[in-house]
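Number of protein chains: 2
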Amino acid sequence: MPDSKSHANGERVLADLNALRAIGAYKTGVHKPTFSEPHRQSLDWLVQKLPEAGLAAAIDGIGNVFGTSTKSGPKLLAGSHLESQNYAGWLDGPLGVVYALEAARVLNADTSLKGAVEVAAWCDEEGHFGHFLGSRSYVGQVTEADIDAARDRTSGRTMRDALADMGLSGRARIAAEPGRHVGYLEAHIEQGDTLESGKLAIGVVTSIVGIWQYQINFVGEQNHAGTTRMAARKDAGLALAKFCVAIDERFPAACGPRTVWTTGRITLDPGAPSIIPGGAEMLFQIRDDNPAVIARLEELLRTMADEVNAKGPCTVTVEKIRTGAPAMMNAGFQDAIEAAGKVVAGGRSIRMPSGAGHDAQLLATIMPAGMLFVPSIGGISHHWTENTADADIVTGAQVFVDASRRILGG
Amino acid sequence: MPDSKSHANGERVLADLNALRAIGAYKTGVHKPTFSEPHRQSLDWLVQKLPEAGLAAAIDGIGNVFGTSTKSGPKLLAGSHLESQNYAGWLDGPLGVVYALEAARVLNADTSLKGAVEVAAWCDEEGHFGHFLGSRSYVGQVTEADIDAARDRTSGRTMRDALADMGLSGRARIAAEPGRHVGYLEAHIEQGDTLESGKLAIGVVTSIVGIWQYQINFVGEQNHAGTTRMAARKDAGLALAKFCVAIDERFPAACGPRTVWTTGRITLDPGAPSIIPGGAEMLFQIRDDNPAVIARLEELLRTMADEVNAKGPCTVTVEKIRTGAPAMMNAGFQDAIEAAGKVVAGGRSIRMPSGAGHDAQLLATIMPAGMLFVPSIGGISHHWTENTADADIVTGAQVFVDASRRILGG
Numbered sequence: 001m002p003d004s005k006s007h008a009n010g011e012r013v014l015a016d017l018n019a020l021r022a023i024g025a026y027k028t029g030v031h032k033p034t035f036s037e038p039h040r041q042s043l044d045w046l047v048q049k050l051p052e053a054g055l056a057a058a059i060d061g062i063g064n065v066f067g068t069s070t071k072s073g074p075k076l077l078a079g080s081h082l083e084s085q086n087y088a089g090w091l092d093g094p095l096g097v098v099y100a101l102e103a104a105r106v107l108n109a110d111t112s113l114k115g116a117v118e119v120a121a122w123c124d125e126e127g128h129f130g131h132f133l134g135s136r137s138y139v140g141q142v143t144e145a146d147i148d149a150a151r152d153r154t155s156g157r158t159m160r161d162a163l164a165d166m167g168l169s170g171r172a173r174i175a176a177e178p179g180r181h182v183g184y185l186e187a188h189i190e191q192g193d194t195l196e197s198g199k200l201a202i203g204v205v206t207s208i209v210g211i212w213q214y215q216i217n218f219v220g221e222q223n224h225a226g227t228t229r230m231a232a233r234k235d236a237g238l239a240l241a242k243f244c245v246a247i248d249e250r251f252p253a254a255c256g257p258r259t260v261w262t263t264g265r266i267t268l269d270p271g272a273p274s275i276i277p278g279g280a281e282m283l284f285q286i287r288d289d290n291p292a293v294i295a296r297l298e299e300l301l302r303t304m305a306d307e308v309n310a311k312g313p314c315t316v317t318v319e320k321i322r323t324g325a326p327a328m329m330n331a332g333f334q335d336a337i338e339a340a341g342k343v344v345a346g347g348r349s350i351r352m353p354s355g356a357g358h359d360a361q362l363l364a365t366i367m368p369a370g371m372l373f374v375p376s377i378g379g380i381s382h383h384w385t386e387n388t389a390d391a392d393i394v395t396g397a398q399v400f401v402d403a404s405r406r407i408l409g410g
Numbered sequence: 001m002p003d004s005k006s007h008a009n010g011e012r013v014l015a016d017l018n019a020l021r022a023i024g025a026y027k028t029g030v031h032k033p034t035f036s037e038p039h040r041q042s043l044d045w046l047v048q049k050l051p052e053a054g055l056a057a058a059i060d061g062i063g064n065v066f067g068t069s070t071k072s073g074p075k076l077l078a079g080s081h082l083e084s085q086n087y088a089g090w091l092d093g094p095l096g097v098v099y100a101l102e103a104a105r106v107l108n109a110d111t112s113l114k115g116a117v118e119v120a121a122w123c124d125e126e127g128h129f130g131h132f133l134g135s136r137s138y139v140g141q142v143t144e145a146d147i148d149a150a151r152d153r154t155s156g157r158t159m160r161d162a163l164a165d166m167g168l169s170g171r172a173r174i175a176a177e178p179g180r181h182v183g184y185l186e187a188h189i190e191q192g193d194t195l196e197s198g199k200l201a202i203g204v205v206t207s208i209v210g211i212w213q214y215q216i217n218f219v220g221e222q223n224h225a226g227t228t229r230m231a232a233r234k235d236a237g238l239a240l241a242k243f244c245v246a247i248d249e250r251f252p253a254a255c256g257p258r259t260v261w262t263t264g265r266i267t268l269d270p271g272a273p274s275i276i277p278g279g280a281e282m283l284f285q286i287r288d289d290n291p292a293v294i295a296r297l298e299e300l301l302r303t304m305a306d307e308v309n310a311k312g313p314c315t316v317t318v319e320k321i322r323t324g325a326p327a328m329m330n331a332g333f334q335d336a337i338e339a340a341g342k343v344v345a346g347g348r349s350i351r352m353p354s355g356a357g358h359d360a361q362l363l364a365t366i367m368p369a370g371m372l373f374v375p376s377i378g379g380i381s382h383h384w385t386e387n388t389a390d391a392d393i394v395t396g397a398q399v400f401v402d403a404s405r406r407i408l409g410g
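From first to last, the protein sequence lines stand for chains B and V. Using the working numbering, the first residue of the first sequence is number 1, and each one after it goes up by one. Using the working numbering, the first residue of the second sequence is number 1, and each one after it goes up by one.
Bear in mind the hints are in silico, worked out from the structure with no lab data behind them. Be a bit skeptical, because a hint or two may be false.
Heads up, the list lumps identical chains together, so a pair's fine if it works in one copy or across two of them.
Quick list of in silico lysine-lysine cross-link-like pairs, BS3-like style, CA-CA up to 30 Å [as the list claims (entries may be wrong)]: (1) Lys199 <-> Lys27; (2) Lys234 <-> Lys114; (3) Lys320 <-> Lys234; (4) Lys27 <-> Lys342; (5) Lys234 <-> Lys27; (6) Lys242 <-> Lys311; (7) Lys199 <-> Lys342; (8) Lys114 <-> Lys342; (9) Lys320 <-> Lys242; (10) Lys199 <-> Lys234; (11) Lys311 <-> Lys199; (12) Lys27 <-> Lys320; (13) Lys242 <-> Lys342; (14) Lys114 <-> Lys242; (15) Lys342 <-> Lys234; (16) Lys320 <-> Lys114; (17) Lys311 <-> Lys27.
Fair warning: this is a prediction, and the values are worked out from it, not measured in the lab.
Construct the entire structure; sequences and hints are all you get.
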């Protein structure tokens, strides 16, 4: 067992998470888009709480919240985000922020431990205005022009207007201070069913997968759906459907054990009931943490396209529109989480990649980073029914605090 | 050979068609949407021309142009339409109107022939504001409320505003006068390649196919495209693609010789690159002139849906949203066209259904109706490159005039 000074207070963690759930509540989840009123209140809530952990609170010019410590010794940065997807779950983000707050409360007050946990809530991880704008700003990847151009994808409101409404106009953005932190630790719900189906408590994240995205365009011949004989048709929509089915048949033999691929969008041109589609377009995505697997699948994709072009009657082009870079989690951090899982959760942990993106992938570009997962009931996420058993939330908090202590060298 | 009094003047026909092409010209085609300025000028052109055929001209309250005769004896109604699809071809519509005008010019002046050809240009066959509004109005299927509700599908302009701009507000609509006509004859470009590929000059239309339309909805489970293992997915988009391919594989064994089917629109829900589609929808259409064939295909479609539902992981529903009614062309009219084709075109004709809809299908609900086709180069239609060889246009006009004479009993 961890000593009592490293022990997370489970009731306090659950109370904090429920306090955040009450701000912007929607059914059993929340509706807390970036820079909405409930989001602003959630940031304020955190600013009020940080002093409990001996941390000085600040909100920077992009809406990141930081709690910084004056305690001597190594400093671990920990956190996640407080805004939500539209009409989504209560734990996606807040879980990691409250775990970080709890670790700071427990460890920063422990005078026998050198060092402290500092807390961050990264703004807009959920991408209402962009992609990981808060953590990307912190690691130096966001320009003022990026902010000028950003708009809320739902309402169209500019990010500049939103920042002004938040009272953050003209405020400086806080950038990473080289050498300040020994690394970054983040907890998150799994958003899949690996832990639940394996009756496990903790996922030790080995990597955050990269995302490769392709636009696949089919060209046939637009024609009249009544007067064009079946044998004379060049139906781009049918060619696309065949390609989707071929991917489903051929990818499994070439993929890795955890590769996933998705056709998220299909568009037929012109998309009218009485016109044979002359064009068809699909947005196709592959995720893996192993670029060699992706290279193999991309070659298969291009081979399949060549076959379509050789056979006809339609032609196809495959354009890569996004190249992923998997983020590897630090080996020492993984060991610390696993060791904490042994002590606190009876070893019910598994090493696994993260199929979803997280702020940790940005932090990993400038410092050692680690992540742990807790189970998602039914694997559900990005939906208001998202949930995790209270017991699993508490176990996760205890593992997080213990792992933080280990990383700080305690 | 037909006697000279029945002989179409090929040069006059080509000149008239080129005069109409010059109004609203777009590349080698025209852009002449319903109630546009070029459309209005085209109607005026016809009104000016009708007296050449001894016809009194009128435009009614829905934009139909009529040329009526006071000659004694039976009357044949003939015509087509003058507006075009957006940026489309020069012959789709005008060919039938000019043939009708030519038949009236030749036959109405022939004192040895009892009876006359009357000419109609039906408004909005191309469906900018609705479906066959002009001919449907003439046969009594359009209410004032239908006109109140109609809007231009491109611009959104109301039909009432458009009629006002045309100076047609408050003008009465002309309805069919029971017993006035022995029937209706229409010529049109084929819009397919049956005639061209068979080196034929004339299509004798046996029927206008009915259109059956289905909305096919797949329900899976929306989930995160990164965290959801392939084995755990219920991808509605993939289920749809498999269904399209299954239709392609199984319909040919159950269809008729000229059945056509088309998936014109596909929508994935929510249609985002990183979300597994929880819903997918396709708009599916079948055309045939034989309801028994359709019944067989619809049963196959429902069997295939049952198989999807039994096997999983997604469910599917098939909803019929449009039931077609094929319009049979009058046997005597078919014989007249075929006989004219023997005399004028050396028998280079074929009996065939029309896969596209035409005003003749509305007229067929109240009187005997017939149609003839001329070849489309490359089978192209609804595109500005649509064309027919001048020689084929002239041959078609001669067959049309001769068939009209035969129908009038000459």
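**Request:** Starting from the hint list further up, note which numbers the structure goes against and sort them upward.
**Result:** Numbers 2, 4, 12, 13, 14, 15, 16, 17 - these are the hints that the structure violates, sorted from lowest upward.
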